[in-house]
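Required output: the full structure, derived from the provided sequences and hints.
Its first residue numbered 115, the sequence shown is counted upward by one per residue in the numbering used here.
Hints may contain errors.
Mimicking BS3-like on lysine-lysine, the simulated pairs with C-alpha atoms at most 25 Å apart in a straight line are [as the list claims (entries may be wrong)]:
hint : residue 1 : residue 2
1    : K209      : K349
2    : K495      : K390
3    : K257      : K349
4    : K495      : K349
5    : K300      : K209
6    : K300      : K257
7    : K349      : K302
8    : K349      : K455
9    : K302      : K209
10   : K190      : K175
11   : K209      : K257
Simulated from the structure, these hints should not be mistaken for laboratory data.
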Amino acid sequence: MVRRQAVKRVWGVAVAGLLAAGLPVRGQDAPGNAELLKLIERQNAQIEALTQRVAELEQIKPVLKETMDAYAEQSKAIDKLGSKVGLASHMDGLKFSGDLRARYEYRDQNVGAAKSAAKAEDSSEDRGRLRTRFRLGMVWNSKSEAWELGAGLATGGGDGRSTNDTWNETDIFETGDIRLDYAYAKHKWALMDGQMPLSVTVGQMKNPFVTTFMNWDDDLRPTGVAVQMGDPFGKDFCGSFLTLGAFDVLWGANLNKVNNDTDVLMLAGQAGYAYKSDPFNTLVAAGWRQINSAWEGAVRTATYDPFKTSPGLYAISNGYDVEIADLYGEITTTVSGIGLKAYGHLSMNLGADGAVSQQNLPAGERPDDNDLAWVLGAEAKYSRFTLGYAYGYIGADGVFGPMKDSDFGETAGLMDTDVQGHKLSLSYAVTRNFSLGATGYLLERIEGGSEALAGGAMNDEADQAQRTHPHGRERDAHPPARHRPRGGARHLFVEIPVDNVVPHAACTAHRDAAQQEPQHQPP
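Structure (structure tokens):
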């Protein structure tokens, strides 16, 4: 009974509390009708807005369904296309790179001796032309098997030292040619816990050696096999490197070969060391190249002509070997925000012998008197500007002429070798992938003197030409009998290179655009 009464009292208290909560507290006013009406109006407005939104969504629904159906169809089409043109499962991607260069080229040439009886002494052989170079490169990688496949296309003809296409050379608005520039396969390993890369490259490749325009034209793509330990072209590589190669230089019916079916072959090697420190980085390399004697015995014109195109490969007699030793060194640093680089390159053909030179030389000049070549150069980079200068002295038999940079000699109207002079370049990067540049050459024939220079005493004739006549004018109205007047040339390139013109999600820089010396770029 007591328990029941206690429960009743609890319920009574609870009911009283609820009734008290429902009554207005003294001193507070209950909400009026006006406020309730405003609240109802706001709620009605929100309900109306939500209703309108639902109606809009109902209208969008068919359009959305149509879009999703179209997307599904497109996805199916892409899947079908991918099954036809997709990369193999072991390939990790395809990268494109490319560049386009427009060039105006002007040559101001003065021939020291008459080119022919019909032309007077000091006749002018000037020339101006417009040229285009376009290159497109592709690289496939297979990381699981450590393979790299590369191929490239470029304008130009059969000349391996030029990828330029001259505008309208033979026909009105003629079209240019596109050829295979290179095609190679490279297998890579990582030795010494990944610190020492090792690679083997087979096919037609970019030059694997550290060099300058003195020994290699940057457009040449050697064909053969190359083994490289270390990475002299790597930005962060520090240590020793070694590069060995065996290449097929020439095979053809017009070779005038002595040994019937023997190809012209070349063995080459280079060893060096790259050192990285603050504030200087240095690189040194020593190399050796030897070309077999399959080309010996070719007949060449005996008449001396300072304007004649280099006979090169076909000009060498029996007893003459191409055995070239070279030494290269560079040092780079940064001073007050200016990137600076100085480099030097020395080359000597230890096999130059016999009575016939690579070039048409005056009587009395022998290959072993002209077996030295050297280059000294410097480069400065500040902000968007790059300034370069080099002086080259290329003895007639100091290097193998057909492989040397053709701009420094043959393109300027002289010869591949037996030429000396200045190279000056300036470029400005307008944007990241667009630049303007100009390159000038002031060149002349040497016609001997490198042996005297190698012995420490500059030949008087060569010295006089270097000091007083960099533009190739005649040195003396009455030169000594054994030294005929030299031909000279001034050559100017005005270039507009555009790099990486091929849009791609993973685009890598192709080697080149406007070339810089030394040719210190990776394949």
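Hey, K349 versus K455, does the alpha-carbon distance stay inside 25 Å? holds (15 Å)
Distance restraint between K190 and K175, which requires alpha-carbon spacing of 25 Å or less: Judged against 25 Å, a Cα distance of about 23 Å means the pair holds.
Keeping to a limit of 25 Å between CA atoms, is the pair of K495 and K390 held or broken? Since the Cα atoms of K495 and K390 sit roughly 19 Å apart, the hinted pair holds (cutoff 25 Å).
Would you mind confirming whether the straight-line C-alpha gap from K209 to K257 stays at or under 25 Å? holds (14 Å)
Satisfaction of hint between K209 and K302, Cα-Cα up to 25 Å: Holds, because 18 Å separates the two Cα atoms, which is no more than 25 Å.
Quick one, are K257 and K349 close enough, alpha carbons at most 25 Å? Holds - the C-alpha atoms of K349 and K257 are around 21 Å apart, at most 25 Å.
Within 25 Å, alpha carbon to alpha carbon, are K495 and K349? holds (17 Å)
Has the given pair, K300 with K209, been kept, meaning a C-alpha gap of at most 25 Å? holds (15 Å)
Holds or violated: K300 with K257, Cα cutoff 25 Å? Holds, at about 12 Å.
Proposed proximity, K349 with K209 (alpha carbon, max 25 Å): holds (20 Å)
So if I understand the rule, the pair passes when the alpha-carbon distance is 25 Å or less; does K349 with K302 pass? holds (18 Å)
Checked against the numbered hints listed earlier, the structure breaks none of them; every hint is satisfied.
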